[in-house]
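*Asks:* The hints should help you fit chain B onto chain A, whose structure is shown.
Chains as they are written, first to last, in the UniProt record's numbering: chain A, 1 to 291; chain B, 1 to 467.
Simulated from the structure, these hints should not be mistaken for lab results.
For clarity, every value in this text was computed on a predicted model and none was experimentally measured.
Heads up, a few of these hints could be off.
Claimed, not checked - Derived pair list, reagent style DSS-like, types lysine-lysine, alpha-carbon separation capped at 27 Å: (1) B/K240 to A/K40; (2) B/K446 to A/K123; (3) B/K204 to B/K406; (4) B/K199 to B/K285; (5) B/K301 to A/K123; (6) B/K419 to B/K251; (7) A/K40 to B/K125; (8) A/K123 to B/K207; (9) A/K123 to B/K285; (10) B/K125 to B/K241; (11) B/K155 to A/K40; (12) A/K40 to B/K241; (13) B/K125 to B/K87; (14) B/K445 to B/K257; (15) A/K40 to B/K460; (16) A/K123 to B/K306; (17) B/K87 to B/K75; (18) B/K306 to B/K368; (19) B/K257 to A/K123; (20) B/K336 to A/K40; (21) B/K395 to B/K350; (22) B/K374 to B/K350; (23) B/K419 to B/K240; (24) B/K445 to A/K123; (25) B/K446 to B/K285.
Stated by the list, open to error - Derived CB-CB ranges, DEER-like: (26) A/A131 to B/A79: 52 to 62 Å; (27) B/Q196 to A/A47: 52 to 62 Å; (28) B/D238 to A/F141: 50 to 60 Å; (29) A/I137 to B/S236: 49 to 59 Å.
Glycine included, every Cβ here is placed at the ideal spot set by N, Cα and C.
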Amino acid sequence: MTWYRSGGLSSVFFVLPLLLIFLYFSWGPIVRGLVLSFQKNNLVAPAEWVGWANFSYVLTDPQLPQAALNTLYFAFLALLFGFPVPLFLAVFVSELRRTGWLYNVLSYLPAVVPPVAAILLWKFFYDPSGAGVFNAILGWFGIGPFAWLNSQSLAMPAIVLEATWAGAGATSIIYLAALTGVRTELYEAAELDGSGIWSRVWHVTLPQIRGIILIMMLLQLIGTFQVFTEPFLFTGGGPNDATTTILLLIYRYAFINGDFGAATALSVLLAGVLCALSIVYHFVTRRWSTT
Amino acid sequence: MTSASRWARYGAALGVAGLVLVAGCAKGTTPDAAGGTGGAAGGEVDQNAPVTITVGDRPTPDKPNDIKALDQKIKDFTAKYPNITVKSTETNWQAQTFQAQVAGGTLPTVMSISFTEPANMIPNKQLPDITDELKLVDLTKDLNPNVLKIVQDGKGRIYGVPIDVFSVGLAYNRALFTQAGLDPDKPPTTWDEVRQYAKQIADKTGKAGYAQLTTNNTGGWMLTTMTYSLGGTIESADGKKSTFDDAPTKKALQLLKDMRWTDNSMGSKFLYNQEEIRQDFAAGKIGMLMQAPDAYDMSVKNFGMKPADFGAGALPQDGGPHGTLTGGALKMISPKATKNEIVAALKWIKFEQFDKYTTEASAVADAKTTIADKGFVGRPGITPLSQDRYDQYNKWREPYVNVPVKQFQGYIDSTSSLKLLPEPSNKGQEVYSLLDPLVQQVLTKKDADVGKLVSDAASKVDARLAR
Numbered sequence: 001m002t003w004y005r006s007g008g009l010s011s012v013f014f015v016l017p018l019l020l021i022f023l024y025f026s027w028g029p030i031v032r033g034l035v036l037s038f039q040k041n042n043l044v045a046p047a048e049w050v051g052w053a054n055f056s057y058v059l060t061d062p063q064l065p066q067a068a069l070n071t072l073y074f075a076f077l078a079l080l081f082g083f084p085v086p087l088f089l090a091v092f093v094s095e096l097r098r099t100g101w102l103y104n105v106l107s108y109l110p111a112v113v114p115p116v117a118a119i120l121l122w123k124f125f126y127d128p129s130g131a132g133v134f135n136a137i138l139g140w141f142g143i144g145p146f147a148w149l150n151s152q153s154l155a156m157p158a159i160v161l162e163a164t165w166a167g168a169g170a171t172s173i174i175y176l177a178a179l180t181g182v183r184t185e186l187y188e189a190a191e192l193d194g195s196g197i198w199s200r201v202w203h204v205t206l207p208q209i210r211g212i213i214l215i216m217m218l219l220q221l222i223g224t225f226q227v228f229t230e231p232f233l234f235t236g237g238g239p240n241d242a243t244t245t246i247l248l249l250i251y252r253y254a255f256i257n258g259d260f261g262a263a264t265a266l267s268v269l270l271a272g273v274l275c276a277l278s279i280v281y282h283f284v285t286r287r288w289s290t291t
Numbered sequence: 001m002t003s004a005s006r007w008a009r010y011g012a013a014l015g016v017a018g019l020v021l022v023a024g025c026a027k028g029t030t031p032d033a034a035g036g037t038g039g040a041a042g043g044e045v046d047q048n049a050p051v052t053i054t055v056g057d058r059p060t061p062d063k064p065n066d067i068k069a070l071d072q073k074i075k076d077f078t079a080k081y082p083n084i085t086v087k088s089t090e091t092n093w094q095a096q097t098f099q100a101q102v103a104g105g106t107l108p109t110v111m112s113i114s115f116t117e118p119a120n121m122i123p124n125k126q127l128p129d130i131t132d133e134l135k136l137v138d139l140t141k142d143l144n145p146n147v148l149k150i151v152q153d154g155k156g157r158i159y160g161v162p163i164d165v166f167s168v169g170l171a172y173n174r175a176l177f178t179q180a181g182l183d184p185d186k187p188p189t190t191w192d193e194v195r196q197y198a199k200q201i202a203d204k205t206g207k208a209g210y211a212q213l214t215t216n217n218t219g220g221w222m223l224t225t226m227t228y229s230l231g232g233t234i235e236s237a238d239g240k241k242s243t244f245d246d247a248p249t250k251k252a253l254q255l256l257k258d259m260r261w262t263d264n265s266m267g268s269k270f271l272y273n274q275e276e277i278r279q280d281f282a283a284g285k286i287g288m289l290m291q292a293p294d295a296y297d298m299s300v301k302n303f304g305m306k307p308a309d310f311g312a313g314a315l316p317q318d319g320g321p322h323g324t325l326t327g328g329a330l331k332m333i334s335p336k337a338t339k340n341e342i343v344a345a346l347k348w349i350k351f352e353q354f355d356k357y358t359t360e361a362s363a364v365a366d367a368k369t370t371i372a373d374k375g376f377v378g379r380p381g382i383t384p385l386s387q388d389r390y391d392q393y394n395k396w397r398e399p400y401v402n403v404p405v406k407q408f409q410g411y412i413d414s415t416s417s418l419k420l421l422p423e424p425s426n427k428g429q430e431v432y433s434l435l436d437p438l439v440q441q442v443l444t445k446k447d448a449d450v451g452k453l454v455s456d457a458a459s460k461v462d463a464r465l466a467r
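Isolated chain B, as found in the complex:
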């Protein structure tokens, strides 16, 4: 072999090796969160500096009108703020993959996430402190202070922007109510009534009178909701200890046990996640279940439930109105965002989410695109803003309402009478996952010992909270 060809071979091989090395090291040179390029640590805000933000939750291609609306919004936004470039991605929040996205650093600058997340993310430093920037873009005063608590730490600093709020109520099938001889306009408001109605529905129609979520942390979530409605709590105020080893949680479990084994009014399926239970509910196999009113969307749109069959009542109470669990969505900002990016992101959130509440034209345009994409206008909920502003907004949209609001009357009445109780403040999803088996146990094991179950779970939860 000639020496020239040998050197050519060395060169080629070296080149490949070099490329691999570069690829290998690339990760090491990426700025990390703490000492990022002018990141959260320092730097003055320059509102006119050119900045690029990525926004998540881009609608999927099956919603062309939503995409068009978003693209138009981006266009209008960048016309107003020429120094900001907006890119959009379809990344969205999923409970099962979200932590991986956070860890992988693949989050867009702005994205919607669930209310359960900030309680863990704030102490983990996975959310940036945006209190000062919020004042800069003049958004703080618009927000409902009760709801804002979800995204605040002990010192009142703010780490996200709530945009959508719900509280749990009782969804019920009006057709099954009628078949069972019950008045579909009078959903039960106490747990005793729920038990009676469930038995009546099961006896008369052969369907499950009442069904309960049980898997993927929803079992714990709904046990928490029931505990709240019976006057109990899950965690102490500081989130350091469990507080559910007492009467309300035991009563909740005993009630489920009685409905399951004594009345036999809960059907035969006891491993339900959110999607499966809505599917069976939409198919007319379930009389009643705890759901927020947004269950309407999936039940009707994805699973073909007749709108006339959907009813939403108050969360049943026992021994006085205690309250109902609230949840919702907020806009989070990536912990890797620079100060300039945070300000740009907040301007975007204000423009995209809140302008529709302040101008009639945006409110109407929003309603029209929703309808064009077969979405729903006018489904009752709770406002992330002041009540006056929300009422005004609803008035503008009245002509476009396409949801049978009257069938939500029971729920609507409860939004003024029931206290809104936030989810457990410390490690909410972990606690829920430890509570799942309790609900499953009373529903699948006839001789389950409620007292022992609860005290065992309490010690598990305490161990977890102490970590």
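So that you can see chain A by itself, here it is in the shape it has in the complex:
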């Protein structure tokens, strides 16, 4: 009982409120969600336990395969376009010693625009008629007009383009912070060995920040699997369900159908997949990780 005599109890009392707040507000909803996924519950009538019925229902919903494919497609495109852009931006800005701050501001600015406003603005850019902003510009070169959001094949890439624009700034700031941690001696040594700028980036910069790169890639993967705002506001899931993502489906279950059981069941499944993905990712990348 020495820890008690030396004041251990008071630290327990001090930690308790924080712990309770954390448990209630951070883990409470998660537990509540789990419980909901096994109930037939519209939160007004008394709840009714239905076992795995919600899970079997969402797993057999004919809309699920399409939504899953769309989500994967979004994640793939976002990784393809969205991942290199902020990295390139960060390396580029860090190379500009004197006017770096200007590019810094310019690259971060899109992140300041509220997402809803940005999407409405881009919707205007994507106007499918020849008079739309993008179509007008492409028209000068004799290309188009494209249907953009009104085309089943173009809608998703168009959404990814906007998402990349919106997200690149915030991510590149993190890379920039990581880049300041790269020791300058390494560059000096490389320069003495006669390596050019690309070679320095490839052999010094990237290996030095690969820990951050790996983390950012995981965060981006998890983020893209939860994409909602863009398809919801741009296309409402259309055309022809080409941009209906898992989260949009969850949203429809809950707020159109009032079926909170199905919505939480699908959420739980998604969370499970993301957990599994994170674990696999961790083991696969452990060899390259710096930490």
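*Replies:* Relative to chain A, chain B alone:
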């Protein structure tokens, strides 16, 4: 450290922990819907007991005259019923957030909601049975029995009070009609004419001759409307099976496909929700579209359309007058309300919504405040009451009419000749959301196979209806 200060620290920490615990448990002690404090389950009605109700739909601060009128109404009401206290909130119905409000238990005692809601809310027990209370406040006999069906279950019990009714017609731009060489006083009444007119408008003016709603469930909603106008239905009478895998729905989709790909008369935008389509219509980019006459308000007031350009015709038909889809708004009462609160709420609904139909002074006062807030008096619609009473009401308000009623003539004629068909009775909004992609597909994919689309959607809908 002294023991006193240590105990003070324990005390402070315990206090905080205790507060958190209390906050955490508060939810657990809230009475739930079923066993609430003397809730729907039991208790005699005491009309004189003190009771407090909250009413939604309080006007936003940009409508000071409406607020003044409401506050005055509350004052008059509480003078008449001193035992009732009325509070008002700005909470209002939005399709995208309503279920969350219901689930969150944040609804006021009384609020306006759309006709699409009761069909799902009644079986879900999200609306209280108010049949007996309606008789108590003497409101049942005033209501239009056809419209009342929307808020009744199979046994004829009533779960809400319809206050506002519309039916879908064809809104059209009179200026574009003139430019295209069409007579703006003769809107099309058959779908064949719509197709011809649309092509003529597109050819002559370069604008979309006809446009269709397609997203956020409005695609399914309007496909349903078209199906009705071609003599079809979406669901069986008991709501258990889909019925649209037949000629009318296919014909509707084929017609859209032909207008889009053969005639090229539908412009280039095919992802439209209600607000966006009205915006483009008001801007003169669309010749014709299916809308209820209330589209006039938003088009003119929010999007600056010239009143002279707005026309409203009948919902086009094919192969005989089949009918048109109706919708509207009703006043719902919170499922958490006690019997006394339900009675007080119904007294309020009667006072606020129906007295204007029965006394000339209220009818005129209502018209005056509407005009003061740049609203519209005299826009044609359908009555939630008996026709005689509605005609009388319109007569009182005639001097204040500020809507070009003549331009609605086509629609007005159709209200007596077209049958009013209610929306799908089971899971209406869910069915609409499953039908959206069909309309989007025929408009964005040239080789869309209408027959296969319809039968695929039917099996999806059947699966959903069976849940």
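*Asks:* Each hint: holds or not?
*Replies:* Here's how the hints hold up against the structure:
| no. | hint | result |
| --- | --- | --- |
| 1 | B/K240 to A/K40 | holds (19 Å) |
| 2 | B/K446 to A/K123 | holds (23 Å) |
| 3 | B/K204 to B/K406 | holds (26 Å) |
| 4 | B/K199 to B/K285 | holds (14 Å) |
| 5 | B/K301 to A/K123 | holds (23 Å) |
| 6 | B/K419 to B/K251 | holds (20 Å) |
| 7 | A/K40 to B/K125 | holds (13 Å) |
| 8 | A/K123 to B/K207 | holds (20 Å) |
| 9 | A/K123 to B/K285 | holds (17 Å) |
| 10 | B/K125 to B/K241 | holds (22 Å) |
| 11 | B/K155 to A/K40 | holds (25 Å) |
| 12 | A/K40 to B/K241 | holds (22 Å) |
| 13 | B/K125 to B/K87 | holds (25 Å) |
| 14 | B/K445 to B/K257 | holds (9 Å) |
| 15 | A/K40 to B/K460 | holds (21 Å) |
| 16 | A/K123 to B/K306 | holds (26 Å) |
| 17 | B/K87 to B/K75 | holds (11 Å) |
| 18 | B/K306 to B/K368 | holds (22 Å) |
| 19 | B/K257 to A/K123 | holds (25 Å) |
| 20 | B/K336 to A/K40 | holds (19 Å) |
| 21 | B/K395 to B/K350 | holds (21 Å) |
| 22 | B/K374 to B/K350 | holds (25 Å) |
| 23 | B/K419 to B/K240 | holds (23 Å) |
| 24 | B/K445 to A/K123 | holds (21 Å) |
| 25 | B/K446 to B/K285 | holds (23 Å) |
| 26 | A/A131 to B/A79: 52 to 62 Å | holds (58 Å) |
| 27 | B/Q196 to A/A47: 52 to 62 Å | holds (56 Å) |
| 28 | B/D238 to A/F141: 50 to 60 Å | holds (59 Å) |
| 29 | A/I137 to B/S236: 49 to 59 Å | holds (52 Å) |
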